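**Student:** Here's the letter readout for the chains.
There are 4 protein chains.
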Amino acid sequence: MSGNTFGQVFKVTTYGESHGPAVGVIIDGVPPNLSLSEPDIQFDLDRRRPGQSKATSQRQESDEVEILSGVFEGKTTGTALAMIIRNKDQRLSDYSSIKDVFRPGHADYTYFMKYGNRDYRGGGRASGRETLSRVAAGAIAKKILREKGINIVAYTIAVGDVRAKTKDFTVIERNLVRAADMEAAKRMLEKIEEARKNCDSVGGVIEALVHGCPSGLGDPVFDKLNARLSYALMSIGGLRGIEFGTGFKAAEMLGSQHNDRFFMDGDKIRPRTNHAGGILGGISTGEDIILRVAVKPTSSIAQSQQTVTSEKKSTTIDIKGRHDPCLCPRIVPVVEAMIALTLVDALMLQKTITD
Amino acid sequence: MSGNTFGQVFKVTTYGESHGPAVGVIIDGVPPNLSLSEPDIQFDLDRRRPGQSKATSQRQESDEVEILSGVFEGKTTGTALAMIIRNKDQRLSDYSSIKDVFRPGHADYTYFMKYGNRDYRGGGRASGRETLSRVAAGAIAKKILREKGINIVAYTIAVGDVRAKTKDFTVIERNLVRAADMEAAKRMLEKIEEARKNCDSVGGVIEALVHGCPSGLGDPVFDKLNARLSYALMSIGGLRGIEFGTGFKAAEMLGSQHNDRFFMDGDKIRPRTNHAGGILGGISTGEDIILRVAVKPTSSIAQSQQTVTSEKKSTTIDIKGRHDPCLCPRIVPVVEAMIALTLVDALMLQKTITD
Amino acid sequence: MSGNTFGQVFKVTTYGESHGPAVGVIIDGVPPNLSLSEPDIQFDLDRRRPGQSKATSQRQESDEVEILSGVFEGKTTGTALAMIIRNKDQRLSDYSSIKDVFRPGHADYTYFMKYGNRDYRGGGRASGRETLSRVAAGAIAKKILREKGINIVAYTIAVGDVRAKTKDFTVIERNLVRAADMEAAKRMLEKIEEARKNCDSVGGVIEALVHGCPSGLGDPVFDKLNARLSYALMSIGGLRGIEFGTGFKAAEMLGSQHNDRFFMDGDKIRPRTNHAGGILGGISTGEDIILRVAVKPTSSIAQSQQTVTSEKKSTTIDIKGRHDPCLCPRIVPVVEAMIALTLVDALMLQKTITD
Amino acid sequence: MSGNTFGQVFKVTTYGESHGPAVGVIIDGVPPNLSLSEPDIQFDLDRRRPGQSKATSQRQESDEVEILSGVFEGKTTGTALAMIIRNKDQRLSDYSSIKDVFRPGHADYTYFMKYGNRDYRGGGRASGRETLSRVAAGAIAKKILREKGINIVAYTIAVGDVRAKTKDFTVIERNLVRAADMEAAKRMLEKIEEARKNCDSVGGVIEALVHGCPSGLGDPVFDKLNARLSYALMSIGGLRGIEFGTGFKAAEMLGSQHNDRFFMDGDKIRPRTNHAGGILGGISTGEDIILRVAVKPTSSIAQSQQTVTSEKKSTTIDIKGRHDPCLCPRIVPVVEAMIALTLVDALMLQKTITD
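Protein chains in written order, with the working numbering: chain A, 418 to 772; chain B, 418 to 772; chain C, 418 to 772; chain D, 418 to 772.
Honestly, the hints are just simulated from the structure, not real lab data. Since this is a predicted model, take the numbers as computed values, not measurements.
Since the list gives no way to pick out one identical chain from another, each pair is judged satisfied if it fits inside one copy or across any two copies.
Below, a list of computed lysine to aspartate or glutamate pairs in the EDC-like style, where the Cα atoms sit at most 20 Å apart:
#, residue 1, residue 2
1, Lys-737, Glu-610
2, Lys-560, Asp-705
3, Lys-737, Glu-611
4, Lys-505, Glu-478
From just these sequences and the hints, can you work out the full model?
**Tutor:** Here it is, written out as structure tokens:
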């Protein structure tokens, strides 16, 4: 209701600031009797972790997760599952100089207008560090989905004007930008490195694909699966847009081109094309779900920028600290997590109407 | 929860099928003592109504709304406000020939897979006719917002490859495509007419702008204002994508280009640019909120299309009935309605944290 | 959220005032493919209807229900199910004399303080007439439960100081107070008749029993089944208390008396006693659920009573109109409805955690 | 939704098992800029703590709370507020002998039937230790309410057949049973001591009074204030009933006796009596809210009891461990907490409908 909870029956509630003592999450609605321990979650946390390479922030965090409840003797009990990740590399000094200054592109100003206060410690709650909780919860959701044959993969398809051309999912974790195109990945990394050297940052596009999703997920009218996914993904900081299937290109198409004709593929009803991106009328078709999100260039750049203070004085700001020159590589696991949370929820809701 | 309710404290619950007895809506959380009567709502219903021109469906519906509760002596009481719109021009015969056939691009197949049944009467609940309830509720939301100086305007900016070049809001209701560019509107209409003559349909893009929105609306983490708006808008049937501010173009920008620098505009803190589209860190900045949605070409086209039946036989379908060759003109008021519902909710939620 | 919606996945949203055009309900989450038509609902509406006897209000309403959506060709579709009941016997003149006077025991004063307005037409939204919507929704819930072997029965066990001594469920619908004790029913009716003649009213106690409820329903911590049932039932106007199993008597018992010892009843684990009333730790045991609610004497009495006006003048009020001298007979079906709504919801939620 | 969250805009989500690493809570919707630090919360935790006297469990826990987020520089920020309390005195050995045995009166059996597993460590999630999270959250709610002049006090009014006769709130914290009657407290304590010596336990009744609650809180139909309070309180383990104002006695009253007549108390509209217990039509009147809850005798008793195992063998159980012979003294702060959470939520929701 007040923004820190996601989901309807697989409900995720998160907390934590970038430089507070900890971030964490409670998941309500985890099915009982699922094998689960910290390593199941740590894998994705490590993918999201800063300090992985020059392409990401140099903050040093081990991001070790501790399960506090909901698991007993290696299995989920069905009760509230809580996880905590202690912050270690807190450097308040990095931020004290900007405590009264609104950083361009950041939420400093809007939080101040909303709450009448300022948590200047690296953005506080607005920091990307809150996504740790999403990834931790998402790791459990992904595990549940995998056991049902549903796999989610996300990958960078553009950094600036460099676009991927192939889709080789086996290479995603073998390049620093998490692209599915090794050759493009190389040029993307150059683009990022160039931005970093220029004290600048660069945007990009991430695509995600869900394979094995059964038909019938999603709810009519307001809780269409694409609407829930849009909500889930657009809640990730730094996203500017989302599209499904043909996306914005659909606007230039004719109905006769765009309609996916059904045919019998053996005993299975399938569409010949998948322009719809796996969702029709808000409900999954059983085809791959395909979506793309636009990622803005990181707001924290090491250049001097004009801005104002909370006392309404003009000033310039020089953001120090340790920042990602491109958000894409580290948002990839967050995208997967949010899709997983949405799908697990839809899957569980679907059970309520079937015998 | 199960999809027919939208909102957290200004809660809208809808019902109704395209060719059932009625569509309607209950709004829970309407503030008391607001002047309200049917004409306040009828205006937007008329904008959404079919049969307005050749550019829209020829179904004849008066779409007259009746308020059933929540209003007494011309004022809202604060209790549940219900509205009903009886369907009049039901033509089941238009649909009986397709009752076992899955129309390409429609939700027939996915509803069948979800629910194990088929309401073949023009899509049943999946019909665009459900948006009547949204527009009725949205009219009340817009009235509440207008009294606070918040105005929402939506307009078609592209039909196929024809793009608007100007933004003259005064002409929107004076052309059949609801464009803010009279000259482009003419060419858009030609595009639609051409599609209609070819038994085809065409997609488009709608832009919306909110003026006068105060800063501070939206909630951190999952209920970011852009996430809530994405959820709201992507729940409209036929949308393929949404973007805010610079949108997908942000992916190609550098941080130094994209960041909106703050400056003092007299006594007011403002950004020099509005690349963020009025929302920063998920919270409104006070600048205009700007977003765009991609509308797919109408799925119902009068061409013969290959498809299959629910008995898994290949067949061809010839959709008769009365359909819009381009959805944009009639989606425009729905877009406004969904934005209004989202903003009223955010406005009311914001009150809970202030004294 | 704002009070007119009940349930989590079987969600019921209601509207309507006592003397407005109609009352109604939308149910979101009705399972698809359930046989359903108006007569399934009418039966319980008739049990709740006024004008059944001298023991109830003389208002003449046929209370005919119309299904507006969610049912097609005699089966539920799984989409939002809406029902409407038009009010017929509206007599505003009965109320015009009291439009500025706060009736003792009624919600006139508190609604005025909450909303700053007054719907004086028989209590408006606060009228017991809103329970029509509950009973209509409950009839569907009861049907779903019956098909799973779960039966709910409620009956008056006390009117004033007259208490039932036997539990013969076959006689409940054969006496006007809906008691399960024919002999007591006679004396209860005398008590009611005596109150009516004295221009007075009388309270009572209703008991309800659920037979066939499976074990495992209810959720730990806040959504314990008894907590959800308490919420459901105490939301019925005029109730002053609720208790489960041994209820308030448990306060005087020792643990050694109160604990229900488990034993093997053939192959089944069962408790020897059912002091817990079928719910242990907030979760159903599989034994009969037993609860009782205290019903206050009807607030509308035909005696002259001291009170004040909204202009803060002292006055006396003489309530005319047509009122029930004892609420119990007509609350019985409402109690059943609210239990049914709670159990269907719990049953559906339980499915989300099982495979 | 799945039971571990309470509240609509002041939302409390809890986790933790009796003998797991920690219990904790996230509160979403805490108003910003409220002074808050650990000592504000510790006071009520200490009141609930075991080991206070012979009348309570001898488990040794310091129950020290740590605030993990949502507070910065001594003030709430408005973002998710998380608190954690590490468990220290975990003695799994106390429970290993009963790991397959269903304790009479406990949730062991029902959790097993619900989830298909058994967390035998002192009841796991079903332990009364989960109320720590409620009390921690309630302490913040109480602080918010106190600043608005709303005070909540709860006190034991009966232990077994010993009933309090006076209401002297100043003595509540000065006797071990938390009664408002020093003389009765002495006899209550004797009753508890007697039960303890007999390896038995005893039930009781707790009354709560809210002073200073403004009129207008609570929502019509399902979210009546008494319904929300019943839900809140009946979710506390071990409660068997709840009543408001005249409660079950109302069943024996006449309308002419029960109706609270309004009169002008100076410039203020007030009822001459408060039989309604401060809530009329589900909305607060502004008078004291008065309610009572029935507490069952503690299920854990040191006597040998017949029961069965999860393998369906008959057995006897001898519960060791450290248990409260009467739950009342330690439930008192939990009752206050749940009332506070309900009222803060109602207060915040009421703001959404006013300007």
